[in-house]
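Here are the chains, one letter per residue:
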Amino acid sequence: MDTQNIVGVLIRHIPELDAYMHLRDAVGNIGLGRIRAAVEGALHQHLLILRRDLVRDAGLNFYEVEKSADISVKRLGPRIILDTWLLQYAAFRKIAGDSAAWDQIKVMLKS
Amino acid sequence: MTKGDHIVMRFLEAWVPYDAKLSKFREVLHYLDADRHGEARTRVYQAITAYLLTERQQVLNDWALSQGRDLNAADVEILNPVQQRMMHLNAISGFYGADRVIIHLALHAHLLGVTEGLDEVNDQMDILVAELYQG
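As given, the protein sequences belong to chains L and A, one line each in that order.
The numbering of the first sequence is my numbering, which starts it at 1 and goes up by one.
The numbering of the second sequence is my numbering, which starts it at 112 and goes up by one.
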C-alpha cells in the first residue's frame, strides 16, 4: 500500500508520523470514518508547519515552493489525499535541498 | 499548554489501561506544542470528542438492546445522570478545544464508572461552570 511505504521513508524525518498512523489505524472506520478524517486533518496541519519550517530554514518563498512541489506531486499521478500531503512534504524537502526521501519514494511508486 | 490541555493529558494517561484508542490519542498529543501546533491540536480534540460521542452512544445502545428495546431519553438520564447537565453546558457555553474534551471525558468516565483522574476533571468542570455563570 502506498501510504505505508511513503510513511516508511518519511518516518526518519518525521518521528511523530508513527503516532499519527497508529492512531489512524486504531480508529479505523468508527463513526463512518469521521474520526479518522479528523486525525488526518491534524496530520495535515502538522505537515504544514513542518513544510513552513523547511522553507524558512532554506530562505525560500513558501508559495513558489508550493507551486513547484504541486507540479512534482501531480507528475507522480493521482493519489489519495493523505498520500498527496505526505508527498508534498517530501517535495518540499527536495526543493529545500534534501532530495533523498523524494527520490526513494519516486522509485518506489514507479516500480 | 493551558491548564485544560494538561488536564486532558493527565486524564488520557489515566485511561491507558481501559481504552487503547484513547492512549493513542495521547501519544499524538504528546508531540503537539500548544503554540506551534494549535490547529493540529484542535483537530485532535475534535477527533477525541467524536470518538467519545460514538463510543458512548454504542454503550447506551447496547444497554437498551439488552433490555429488548430502543434507547430513549429516560435511559440516558438513568444511566448517565450528568449527561443532561453537561449537554446543556456544552450547548450554551461554546466551550472550545480542551474544555469540550474535558466535558466529554467526564461523561465517558461517569458512564463507564472509571474514576481515575475524575476528581481533577470534576474540579475543572466546576471552574468552567463558575466562569460560565460569571459571564
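The set of hints was computed from the structure by calculation and includes no laboratory data.
Note that the coordinates shown come from a computational prediction; the quantities given were computed from them, not determined experimentally.
It cannot be assumed that every hint is accurate.
Capping the alpha-carbon separation at 20 Å, the derived lysine to aspartate or glutamate pairs in DMTMM-like fashion look like this [to be verified]:
hint, chain 1, residue 1, chain 2, residue 2
1, A, K132, L, D57
2, L, K106, L, D83
3, A, K132, L, D18
4, A, K132, L, D25
Pulled from the structure, derived: some chain A residues nowhere near chain L, Cβ distances all over 12 Å [to be verified]:
hint, residue
5, A131
6, L133
7, E138
8, E150
9, A161
10, A217
11, T226
12, I238
Just so you know, even glycine gets a beta-carbon here, dropped at the ideal spot from N, CA and C.
Here's how the hints hold up against the structure:
Between the alpha carbons of A:K132 and L:D57 the distance comes to roughly 36 Å, so the proposed pair goes past 20 Å and is violated. Taking the CA atoms of L:K106 and L:D83, the gap is near 12 Å; set against the 20 Å cutoff, the hint holds. Using a Cα cut-off of 20 Å, the hinted pair A:K132 and L:D18 holds, with the two alpha carbons roughly 14 Å apart. Between A:K132 and L:D25 the CA atoms are separated by roughly 10 Å; this keeps the pair inside 20 Å, and the hint holds.
At roughly 7 Å from the closest C-beta of chain L, the C-beta of A:A131 falls inside 12 Å, breaking its exclusion from the interface. The beta carbon of A:L133 is not kept farther than 12 Å from every beta carbon of chain L, the shortest such distance being approximately 9 Å. Not every C-beta of chain L lies more than 12 Å from that of A:E138, the closest at about 4 Å, which undercuts listing it as non-interface. A beta-carbon of chain L comes within 12 Å of the beta-carbon of A:E150; the shortest separation is about 4 Å.
Some Cβ of chain L comes within 12 Å of the Cβ of A:A161; the nearest lies about 5 Å off, and the non-interface call is violated. With a cut of 12 Å on Cβ distances, A:A217 stays outside the contact zone with chain L, its closest approach being about 19 Å. Distance check for A:T226 against chain L: the nearest CB is about 24 Å away, which clears 12 Å, and the non-interface claim stands. No Cβ of chain L comes within 12 Å of the Cβ of A:I238; the nearest lies about 27 Å off, and the non-interface call holds.
Consistency note: the structure conflicts with the earlier hints numbered 1, 5, 6, 7, 8, 9.
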